[in-house]
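J.: Each chain is listed here by its residues.
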Amino acid sequence: MNKKPKVAIFSLTSCEGCQFVLLDLGRRFLDLLKRVELVEFRLVEGEPITTETFDVVFIEGSPITERNLKLLMEVRKKTKILVVLGNCAALGGIHEIKNYKDKEKTIRYIYKHIEGIANPDIKEIDNFVKVDFTIPGCPIDGEDFLKATNLLIKGKIPEIEQKPVCTQCPFWGTEECFLKKKEPCLGPITLAGCQAVCTRGGLFCLGCRGLLKNVKPQGFLKSLEKMKSKKEIEENLEIFGIRDDVEEKIK
Amino acid sequence: MKIAISHIDKIEGHSGFLASIVEGDVKKAVLETQEGARLIEGILIGRRFWEAPLITSRICGICPVVHSLTVIRAIEEIFKIQLPEEITTLRKLLLAAQIIHSHTLHLFFLSLPDFFDIENDLKLVKKYPKETKAALSVRDWATKIVKVIGGRTVHPVSIRVGGFRKLPKKEDLNGLLRDSDKVLEDALILGKLFRSLDYSNFQRKTTYISLSSKTEYAFYQGDLRSSSEGILSKDIFLKRIKEIQRDYSVVKRVKLEGKPYMVGALARINNNHQKLNKEAKKLFNKTFKNPPVFNSFYNIPAQSIEVVHFIEESIILLKKFLRYKVVEKEVDFKVKAGKNYAFSEAPRGTLYHFYEINKDGRIANCNIITPTAQFLANLEEDLKVYLSGILNLSEEEQKRRIRALIRAYDPCITCSTH
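Here the protein sequences line up with chains E and G, keeping their order. Here the working numbering is used: position 134 in the first sequence is 134, and no number is missing along the way. Here the working numbering is used: position 374 in the second sequence is 625, and no number is missing along the way.
Looking at chain E on its own, in the form it has when it is part of the complex (with noise of 0.2 angstroms):
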């Protein structure tokens, strides 16, 4: 019999939904785990880490602290698949938004003693280690999960197709196109799959899943112009830490 891959799951700075989303999962996250050995995901298990090598490993979040970056790094190394889970270790995270504000002024707001509390600009995961594969969206759909998980765990890389939110808003069943309302939904230049759960709850899309791989957003954020002012669009591409990934498109 073939050895079950060795899979880990770690988080980082983040709300930590995303490991909630797999605990959400019932029955359906326990007989996955059945499939692998589980060796480390701290909220169900607190016995020392004794392998050395993974094969899958998700993370979540961001890293913020000293020892968020260590072990960012010492993973990386001891796996062979790193899987970003979420919008925060893919895309930043709503604390992205302070990227776009005084960092000191923004700390200083809350912590009367800074001195020794980290407090760095934001940055994805991948802006430190090489990353395999995500698991967009804030928090990550479940379905997803579990479909790339089976063929991670076999070694296999899932393909991402790139077509926008709009796609899955009629099918799922979103009342009415924002953008015909004059409301600045990010849906046609977002990464779909997550069964437009927002749109059809009557949110409007903010791009928490990511922008389409070959996405030119520039007309369309223009276009977005007649409906808000530039700055509340920009506002809006900050929540989910999409604005910097929609200027380096544009530059």
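For the record, the hints were derived by calculation from the structure and aren't laboratory data. A couple of the hints might just be wrong.
[What the hints assert, rightly or not] Mimicking PhoX-like on lysine-lysine, the simulated pairs with C-alpha atoms at most 25 angstroms apart in a straight line are:
id: 1; chain 1: E; residue 1: 230; chain 2: G; residue 2: 587
id: 2; chain 1: E; residue 1: 216; chain 2: E; residue 2: 230
id: 3; chain 1: G; residue 1: 590; chain 2: E; residue 2: 180
id: 4; chain 1: E; residue 1: 101; chain 2: G; residue 2: 503
id: 5; chain 1: E; residue 1: 226; chain 2: G; residue 2: 610
id: 6; chain 1: E; residue 1: 180; chain 2: G; residue 2: 580
id: 7; chain 1: G; residue 1: 420; chain 2: E; residue 2: 181
id: 8; chain 1: G; residue 1: 331; chain 2: G; residue 2: 590
id: 9; chain 1: G; residue 1: 493; chain 2: E; residue 2: 105
id: 10; chain 1: G; residue 1: 610; chain 2: E; residue 2: 230
id: 11; chain 1: E; residue 1: 112; chain 2: G; residue 2: 503
id: 12; chain 1: G; residue 1: 278; chain 2: G; residue 2: 503
id: 13; chain 1: G; residue 1: 610; chain 2: E; residue 2: 105
id: 14; chain 1: E; residue 1: 231; chain 2: G; residue 2: 585
id: 15; chain 1: E; residue 1: 228; chain 2: G; residue 2: 587
id: 16; chain 1: E; residue 1: 78; chain 2: E; residue 2: 156
id: 17; chain 1: E; residue 1: 78; chain 2: E; residue 2: 154
id: 18; chain 1: G; residue 1: 610; chain 2: E; residue 2: 101
id: 19; chain 1: G; residue 1: 377; chain 2: E; residue 2: 34
id: 20; chain 1: G; residue 1: 493; chain 2: E; residue 2: 34
id: 21; chain 1: E; residue 1: 34; chain 2: E; residue 2: 3
id: 22; chain 1: E; residue 1: 101; chain 2: G; residue 2: 590
id: 23; chain 1: G; residue 1: 420; chain 2: E; residue 2: 231
id: 24; chain 1: G; residue 1: 587; chain 2: E; residue 2: 182
id: 25; chain 1: E; residue 1: 249; chain 2: E; residue 2: 163
id: 26; chain 1: E; residue 1: 4; chain 2: G; residue 2: 378
id: 27; chain 1: G; residue 1: 580; chain 2: G; residue 2: 417
id: 28; chain 1: G; residue 1: 585; chain 2: E; residue 2: 228
id: 29; chain 1: E; residue 1: 182; chain 2: G; residue 2: 580
id: 30; chain 1: G; residue 1: 374; chain 2: E; residue 2: 3
id: 31; chain 1: E; residue 1: 3; chain 2: G; residue 2: 377
id: 32; chain 1: G; residue 1: 503; chain 2: E; residue 2: 105
id: 33; chain 1: E; residue 1: 103; chain 2: E; residue 2: 231
id: 34; chain 1: E; residue 1: 181; chain 2: G; residue 2: 585
id: 35; chain 1: G; residue 1: 417; chain 2: E; residue 2: 228
id: 36; chain 1: E; residue 1: 156; chain 2: E; residue 2: 4
[Said to hold, decoys possible] So the derived label-pair ranges between C-beta atoms look like this:
id: 37; chain 1: E; residue 1: 251; chain 2: G; residue 2: 433; range: 51 to 59 angstroms
id: 38; chain 1: E; residue 1: 177; chain 2: G; residue 2: 588; range: 29 to 37 angstroms
id: 39; chain 1: E; residue 1: 220; chain 2: G; residue 2: 258; range: 44 to 52 angstroms
id: 40; chain 1: E; residue 1: 248; chain 2: G; residue 2: 443; range: 52 to 60 angstroms
No residue lacks a Cβ here, since even glycine has one placed at the ideal position from N, Cα and C.
Position chain G relative to chain E; hints supplied.
T.: Structure of chain G alone, referenced to chain E:
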């Protein structure tokens, strides 16, 4: 002598523990936060009011509902929005479900293994198939309620200032109601298990703070009650508490007149047990002999009683909502400048959000005080006293018991750092 636990597993967020003992005297017992600061309040400044529920939801992946609801209620106070009963009913249902699924996760997957000396939940799952099935059934039901009403379990999308972006389908709510009897039975199986566990007889008197109401077991709103002083004015309470930042920590500890206090399931049960629903009250009477109980380990059975209570409450709320003939999803409102706050009961205790909004609808000031920030000083005081009583045990056993007490509190380091 020092006792150091470098990382506490099976709690939400990252923390270690450090104690120093001099000649048999525990001088210090502290939690050392290892969480990065995301500076949530700082990033909210200048942002548009409608972003606040989306952003604060991301404070915590296990209790996003209560953060969103609390900021929404604070802003609705500022805008002077009056909501119809139907919207409040639906929001209460959402919050009840949030408490059920958070508690069930903590009870079964985080704390229970401590009582069987098992470090790995997967072993626990194998050993207790019936209870695992019950725990998963209760969690599935509660996460489904959040999904049906909120659109998604982690970081719901449908709740907004003024009501809901979208209402749930009645057929989905009917489906949840149909499953509810079975779920209540499962919760009672868990209640029985958690009643029978061998809790340490550790005791330390403290003050319990929670919301309280004459008409119900308060959770969505209510007055503030202290177990030592009775009903407290919220304004006065806010003047009497102080957020203290120790130089080594990104978490501010909160004290009331310089003293630690406890919030959470045990605080609510101690303060409000008279208002528990029928089955929950029966379980309470069997579990809590002479309330108030000053044993923090009893936060665990308190949560399991609350799971039963909030399932019963959800059934009442589901039936109530389904009886409304016409439901409007939201009310119109105008943006107004002003400041105000709201308190809710989060799974882990009383949660406070404060906002000041300017005339453009942007956030000028805010402050968030989480349950864990409030009970952390109490937990550390408990740890100090508890450790003094177990110094004769082996270091390994001491560490095991320290971890168990920390987990009994169900701390959320993620929330408390934010």
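J.: Hint check: residue 180(E) vs residue 580(G), CA-CA at most 25 angstroms. Holds or violated?
T.: OK: residue 180(E) and residue 580(G) at ~21 angstroms, within 25 angstroms.
J.: Just to be careful, I want the Cα atoms of residue 181(E) and residue 585(G) compared with a cutoff of 25 angstroms; is the pair within it?
T.: holds, 20 angstroms
J.: Quickly compare the C-alpha distance for residue 3(E) and residue 377(G) to 25 angstroms and report which way the hint goes.
T.: holds, 21 angstroms
J.: Under the criterion that the straight-line Cα-Cα distance not exceed 25 angstroms, is the pair residue 112(E), residue 503(G) satisfied?
T.: holds, 10 angstroms
J.: Are residue 34(E) and residue 3(E) close enough, with their CA atoms no more than 25 angstroms apart?
T.: holds, 12 angstroms
J.: Taking 29 to 37 angstroms as the stated bounds, is the beta-carbon spacing between residue 177(E) and residue 588(G) within them?
T.: Check passed, 33 angstroms falls within 29 to 37 angstroms.
J.: Can the restraint linking residue 420(G) and residue 181(E) be considered satisfied, given a maximum Cα separation of 25 angstroms?
T.: With a Cα-Cα distance of about 23 angstroms, the restraint between residue 420(G) and residue 181(E) holds, given a limit of 25 angstroms.
J.: Check the hint pairing residue 4(E) with residue 378(G) against an upper bound of 25 angstroms on the C-alpha distance.
T.: Holds - the C-alpha atoms of residue 378(G) and residue 4(E) are around 22 angstroms apart, at most 25 angstroms.
J.: Does residue 228(E) sit within 25 angstroms of residue 585(G), going by the straight-line distance between their CA atoms?
T.: holds, 19 angstroms
J.: Quickly compare the C-alpha distance for residue 216(E) and residue 230(E) to 25 angstroms and report which way the hint goes.
T.: Judged against 25 angstroms, a Cα distance of about 17 angstroms means the pair holds.
J.: Quick check: does the Cβ-Cβ distance between residue 251(E) and residue 433(G) fall within 51 to 59 angstroms?
T.: holds, 57 angstroms
J.: Is the Cα-Cα distance between residue 417(G) and residue 228(E) 25 angstroms or less?
T.: It holds: about 23 angstroms lies between the C-alpha atoms, which stays within 25 angstroms.
Violation of the numbered hints given earlier is confined to hints 3, 20 and 23; the remaining hints are satisfied by the structure.
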